[in-house]
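Now for the letters of each chain:
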Amino acid sequence: MKIVVCIKQVPDTTEVRLDPKSNTLIRDGVPSIINPDDKAGIEAALRLKEKVEDSIVTVMCMGPPQADAALREALAMGCDDAVLLTDKAFGGSDTWATSSIIASALKKLEFDVIITGRQAIDGDTAQVGPQIAEHLGIPQVCYAEKIEIKEDKLLIWRQFEDRCHIIKVGIPCLITALSEVAKPRYMSVGGIVDAYHTKEVMIWSYEDIMDTLDVSNIGLKGSPTRVTKSFTKEAKGTGAVLKNLTDDEAVTAIMAKFKEKHII
Amino acid sequence: MIGFTLSNERLLQRQMFRDFAEHEIKPIASQMDEEERFSMDLLKKLQKYGMMGIPYDKAYGGEGADILTYALCIEELSKVDGSTGVTVSVHTSLCCSCINDFSNEIQKEKYLRPLVESSKIGCFGLTEPGAGTDASGQKTTAGLDGDFYLLNGQKVFTTNSGFADIFIIFALTDPSKGTRGISAFIVERDTPGLEVSKDIPRMGIRAASNAEVALIDARVHKDNLIGVEGLGYKIAMNALAGGRIGIGAQAVGIAQGAIDEAVKYVKERKQFGRRISQFQNTQFKLAELQTKVDAARLMVWRAAAAKDNHENFAPLAAMCKYYASEVANDVTRACVQLLGGYGYTREYPIERMHRDAKITEIYEGTSEAMKMIISGLMKIN
Chain A
401 MKIVVCIKQV PDTTEVRLDP KSNTLIRDGV PSIINPDDKA GIEAALRLKE
451 KVEDSIVTVM CMGPPQADAA LREALAMGCD DAVLLTDKAF GGSDTWATSS
501 IIASALKKLE FDVIITGRQA IDGDTAQVGP QIAEHLGIPQ VCYAEKIEIK
551 EDKLLIWRQF EDRCHIIKVG IPCLITALSE VAKPRYMSVG GIVDAYHTKE
601 VMIWSYEDIM DTLDVSNIGL KGSPTRVTKS FTKEAKGTGA VLKNLTDDEA
651 VTAIMAKFKE KHII
Chain B
17 MIGFTLSNER LLQRQMFRDF AEHEIKPIAS QMDEEERFSM DLLKKLQKYG
67 MMGIPYDKAY GGEGADILTY ALCIEELSKV DGSTGVTVSV HTSLCCSCIN
117 DFSNEIQKEK YLRPLVESSK IGCFGLTEPG AGTDASGQKT TAGLDGDFYL
167 LNGQKVFTTN SGFADIFIIF ALTDPSKGTR GISAFIVERD TPGLEVSKDI
217 PRMGIRAASN AEVALIDARV HKDNLIGVEG LGYKIAMNAL AGGRIGIGAQ
267 AVGIAQGAID EAVKYVKERK QFGRRISQFQ NTQFKLAELQ TKVDAARLMV
317 WRAAAAKDNH ENFAPLAAMC KYYASEVAND VTRACVQLLG GYGYTREYPI
367 ERMHRDAKIT EIYEGTSEAM KMIISGLMKI N
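Heads up: the protein sequence lines correspond to chains A and B, in order. Okay, so the first sequence: first residue is 401 according to this note's numbering, each after it adds one. Okay, so the second sequence: first residue is 17 according to this note's numbering, each after it adds one.
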C-alpha cells in the first residue's frame, strides 16, 4: 500500500501574534512543530504500514525551506521518504492555492491512501484536505478518529457531533485525521540519525510540478481569499455567578441584570 | 573551527529526549525516588527508543549517533530525574565502552550487540571496599583453572547491578604486577558464584540500582577476558574518562532541572504583595545560576566533541565533570533556598535534585581525583 501523508509545519504557540500591516503570522522566535492533527495522521499511516506488507509511507509538506525540519521528524518517526514543496511562487497561498499545488504534486506520486490532518492550529480552516480530494477526484472521509483495514477496504470511524459513522471506503481515497486517531510515537535516536544521513527529503519547486499546475491558481495572486481584518481576541472578564437562588429568583435576577446592562 | 550552535539533527534529538523525559519520566520520578526502585517499564522504553546504545555503531545494533548526542540525552533525562541519567550513563559509558573499545569481534557480537540493541543491561565493577579513589588497590583475584578463571572478591557501589545482565568485572590476574596485573572480564549475571546484594540505601539517586557484588569462585571462561591479561586498568581508566562526560552531562541536567522548577515557582509565589520573581535578589540569583550552568554545559560539549573527534578528551572530561558537579551542588542548594520552606518539602522535586546532585562530586572520580588529573597535566608537581 502506498500512503502519502500531507503535513504542515506550524508555530508552536497558542498566542500567535499577527503582523498588523500584512495580517500574516509573525513566525520569528516561535518554535515550529508538525501540526498535531497531521502528526496523528503520520502515526495512523505508520500503523497501516505495519499491518500491510510492502507498504511505503511518503510524507509531503508545502512550506519555506525550514519546513525540512518537520519532514525530518516524520522520517525519524518511520516514514520512508519525504517531499518538500517550496518555491517563492507558492508564497501567500490560501487554502485553494495550497490544495492546488499539493494535488499537482500528488499526481507525480503513486498513492492508494492520502492522509491529512483535519485542520492546522494556525489557520483552523479544515479546507485543504477536502480540496485536495476534489482536485484529484477521489473519495474523501473527514474527521477520522479511527482507521482500520479490512481486506482491500478501509474502515473509517468518522466523528460526528453526537455520533460516529463507520464508513467503508475503497482505495484510492483521502482521509482527514483527528488528533485522536493515533497517539504519535516518539522518534528513536537511530531514526533521527537515519532521517539526516540515509533518508532524503526531495525538494520540488514550481518547475517540478508545473505541467499539472495552473499558474493562476497559486501564490497570493492565485488565492481567492481576501483577509479584510485580522485581530487578536480580547480576553473577556469573568462572568457573574449568582448562587443559592430558587428558579424564580434566578429568572428575576437574570432579567434584572439584562436590564441593568441594557441588553433588553 | 569553534561552533556553539547545535545542528538541526541534534536539535531534533534534544527535542525527542525532552519530550520523552517530560512525558515518560517526570510523572514517575518522585515515586521512583520514594520507592527506591527503578521502573522496569521505563527501562524498556529507554531501550525501545534507542537511548541505551546512542554512540555505538549501527553495525552492532547501536544507534549510530555520537558522544555529543549522548551527552544531550543524559542532560535531558537528568533534568527530570538524576537516577535515570546515571542508569543510562553507566550502561553506555562504563559497560558498553569496555567491550566496544577493547573486545574482539566474537565478544562484540555476543555481548555488545544485545547491550546496545537493547535487550540487555550492563554494569561496571571496579570499586571495592578498599579500592575507591585508589582504584589500584584491587583485591579481587582471577586465577586460571583450565579454560576458566575463578574470580574471588567483593565489589561495592556497583550501579545498575540490581538488574544488570552483563557485568564488567576487574580482577587481579597477577597480584605481583600492581595495576599491570589487573584484567577485565565480561561476566554474565547467571554465572554461579556471582551474587548481588540488596541495593545500598543512599542519600540521592535513590531510584538507581546500586549494590554490592560478591564473587565466590565465579567461573568465567577465558574467552570472556577483554583484550589480554594486564590490560584491565587501562580499560577501566578509558571507560571512566568517557563516563565523566556522562556524569558532567548528568550534573548539568540536574542543575538545569532545578533552575527550571525554581523559575516556575518564583513566577507564581507572592510575598510582600509581589511575585518573588519581581525582586532583584531573585533575578540576580537566577542569572548567576544560569550562567554557571551554561558554562558547565559548554565544558561538557567541549569534552564530548573532543571524544567524537578522537582528540585527547580525558583532561577535558575531568574538568567538565569537576566543574559541572560543583555547579550542580551550588545550583540545587540555591534553588531549594529560592523555594524556601516549600523547597525543603518533598512536594516539590528540588530537594530530590539537591540530594541527587551530591553524588556527582563523588562517583566516577571524586572532585579531588579530578583535580589530581587536572593538576597533573598542568605539571605543577
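One should not assume that every hint holds.
[Unchecked claim] Taking lysine-lysine and the DSS-like style, the derived pairs with C-alpha atoms no more than 30 angstroms apart in a straight line are: (1) Lys583/A x Lys136/B; (2) Lys42/B x Lys60/B; (3) Lys599/A x Lys124/B; (4) Lys451/A x Lys61/B; (5) Lys155/B x Lys60/B; (6) Lys283/B x Lys599/A; (7) Lys629/A x Lys546/A; (8) Lys280/B x Lys599/A; (9) Lys633/A x Lys60/B; (10) Lys74/B x Lys449/A; (11) Lys451/A x Lys136/B; (12) Lys280/B x Lys402/A; (13) Lys136/B x Lys636/A; (14) Lys61/B x Lys583/A; (15) Lys74/B x Lys633/A; (16) Lys64/B x Lys451/A; (17) Lys449/A x Lys283/B; (18) Lys583/A x Lys60/B; (19) Lys74/B x Lys599/A; (20) Lys74/B x Lys583/A.
[To be verified] Cβ-Cβ distance ranges computed for the label pairs, FRET-style: (21) Asp428/A x Glu51/B: 18 to 28 angstroms; (22) Lys61/B x Asp614/A: 20 to 30 angstroms; (23) Glu580/A x Gly146/B: 38 to 48 angstroms; (24) Met602/A x Glu51/B: 16 to 26 angstroms; (25) Val641/A x Lys286/B: 16 to 26 angstroms; (26) Ala656/A x Gln306/B: 49 to 59 angstroms; (27) Thr598/A x Asp276/B: 32 to 42 angstroms; (28) Ile18/B x Asp428/A: 25 to 35 angstroms.
Derived by calculation from the structure, the hints in this document are not laboratory data. Since the structure is predicted, the reported quantities are computational estimates derived from the model, not experimental observations. Cβ coordinates follow ideal geometry from the N, Cα and C atoms, glycine included.
Q) Okay, which hints does this one fail, numbers in order? A) Per hint list: 5, 6, 7, 8, 9, 12, 13, 15, 17, 21, 22, 23 and 24 violated.
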